[in-house]
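Taken in order, these protein sequences are the chains called A and B.
Letter 244 of the first sequence, counting from 1, is numbered 243 in numbering that gives the first Met the number 0, and no numbers are missing.
Letter 4 of the second sequence, counting from 1, is numbered 3 in numbering that gives the first Met the number 0, and no numbers are missing.
Hints may be right or wrong, so weigh each one.
[Unchecked claim] Only some residues are given here: those of chain A computed to face chain B with a beta carbon under 8 Å:
id: 1; residue: 62
id: 2; residue: 112
id: 3; residue: 171
[Stated by the list, open to error] Heads up, incomplete: computed chain B residues facing chain A, CB under 7 Å, no partners named:
id: 4; residue: 59
id: 5; residue: 60
id: 6; residue: 61
id: 7; residue: 124
id: 8; residue: 203
id: 9; residue: 204
id: 10; residue: 205
id: 11; residue: 215
id: 12; residue: 220
id: 13; residue: 224
id: 14; residue: 225
id: 15; residue: 226
id: 16; residue: 227
id: 17; residue: 230
id: 18; residue: 233
id: 19; residue: 237
Honestly, the hints are just simulated from the structure, not real lab data.
Nothing here was measured: the structure is a model prediction, and the numbers come from that model.
Think of the CB as a built atom: it goes at the ideal place given N, C-alpha and C, for glycine as much as any other residue.
There are 2 protein chains.
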Amino acid sequence: MKKDKLKTGYQGVPGSFSEQALSEYFNIKTEEYHFPDFEDVLIHLQNGNIQYGILPIENSSTGGISETYNLLRKYDCSIIGERCLKIEHHLLGIRGSCVKDIKQVYSHPQGYEQSEVFFRNHPNINFLPYKNTAESAQYIRKLNDKTIGAIASRKAAELYDLDILAEDINFNRKNITRFVIIGKEQKVSKSCNKVSIVITVSHTPGALYKAMGFFEENHLNLTKIESRPLIDEPWHYYFYLDFEGNLRDPIVISALENVKSISSYFKILGNYPCHNLMVKDGGQNE
Amino acid sequence: MKKDKLKTGYQGVPGSFSEQALSEYFNIKTEEYHFPDFEDVLIHLQNGNIQYGILPIENSSTGGISETYNLLRKYDCSIIGERCLKIEHHLLGIRGSCVKDIKQVYSHPQGYEQSEVFFRNHPNINFLPYKNTAESAQYIRKLNDKTIGAIASRKAAELYDLDILAEDINFNRKNITRFVIIGKEQKVSKSCNKVSIVITVSHTPGALYKAMGFFEENHLNLTKIESRPLIDEPWHYYFYLDFEGNLRDPIVISALENVKSISSYFKILGNYPCHNLMVKDGGQNE
């Protein structure tokens, strides 16, 4: 019997970094769907139209991606894996154009922010934000104007038949985006060595410190803390914590019970194998 | 002798929330300069072209503004004050247009993100990002097209002679942006009750917890922790900490000395009077 292909989803258009991270993660051909908004990925996952979705969660140059943090909290889903991808931005133009022709450049604001040094040195290029990098490439191809460029990937240049006018314009050679792979249910296996949770603590001074103490005293290594605002209470925060551990380990179970007992909100976002990408200047090795 | 007016600067164009926060903070008429980029504010401050600048640092719905955090670390400057401003977004169009005419809307991505519920309910309106909210208002006025709208403030509608097609479209009634006022030098007075610092700690597990312990044991209330990535070391972070205190207080001095002793990077960003804005649904009271 022929097995049905996995159905997967990402935000953006073909040629996007999300699509690339998705295909690297699964390493087999999946039936890929793409959607205009981040939230669509979660909606289609919830409705069963796809089995897995992928969302970017953090860039090593510009930080956490708020929308993804909010959606992971809001939807009933679980992080089942992560994938780090080296991001290389190029300045693209229509065939026959060159850097000095470009007066306007479209891209996602993150593409521009990550290439700010290049644009500081090219002050005549005016930036106009666009939905995402690959779509900006698609868009300038349609405009077909020598004075208009896009910041996007090599794959986007190939897909939309554009020239690369300037290579690797991101200022940070170690520019990595981390993506999370999201499924409907949590599946804990032996290889899961990273746990992500989100909590809120009471407004009493030191409450976060106390929560962190439960990890500390159990020698559980907190690898990440990210604060996101509580919508209804200005200047109070959700804390997203990542730590090394497996949800079947009694020490982890006990630490989380303690954290939960002093949290006003508590959610386990997932337990999954950590993905490390070692990046050298100009190269990429795993 | 007539005193020269203070020279102040902000990013954006007249009608922006930065301009509004600036004029509310100083409460006297200053000589205002506006610049295309956030970094320009710091450059002109450094060059002595302005005495004070203002930058948005955090929104209560969408979180910290990365670029400001990075610039405060990079430039030799000091936070001398803060101002919270209630943000109300409106859907603007050219005179005579109405909501159902609008097919495309320009704004800063934050304006769109903060109004996402409205646009979920108006799926025919396509979002195109723009540099900032006030500039998007200025831009659609130039386009003079009934199908094109902007998300911006009431003041922008007045300045650029646009109609308000839908009022208060931000989903969060308590939508506040906090701005920091930046000067060249630190001035500590008695009224300064909030300290902002940025540190990096060693990669050993528990190092951040240890740093936080110095505040805890001195009963200094940490009000905020924000992590921003270290550019050259993926997944290591700068921690921006705010706490209640005055830099002349011996307890504060001693706690900071301890924190500094275990930090690989340490910078005091400023000591200034905290600004609290109590916002009720639909109203604003200080």
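(request) Kindly indicate which numbered hints from before are broken by the structure, ordering the numbers from low to high. (result) Of the numbered hints given earlier, those the structure breaks are 7, 8 and 19, listed in rising order.
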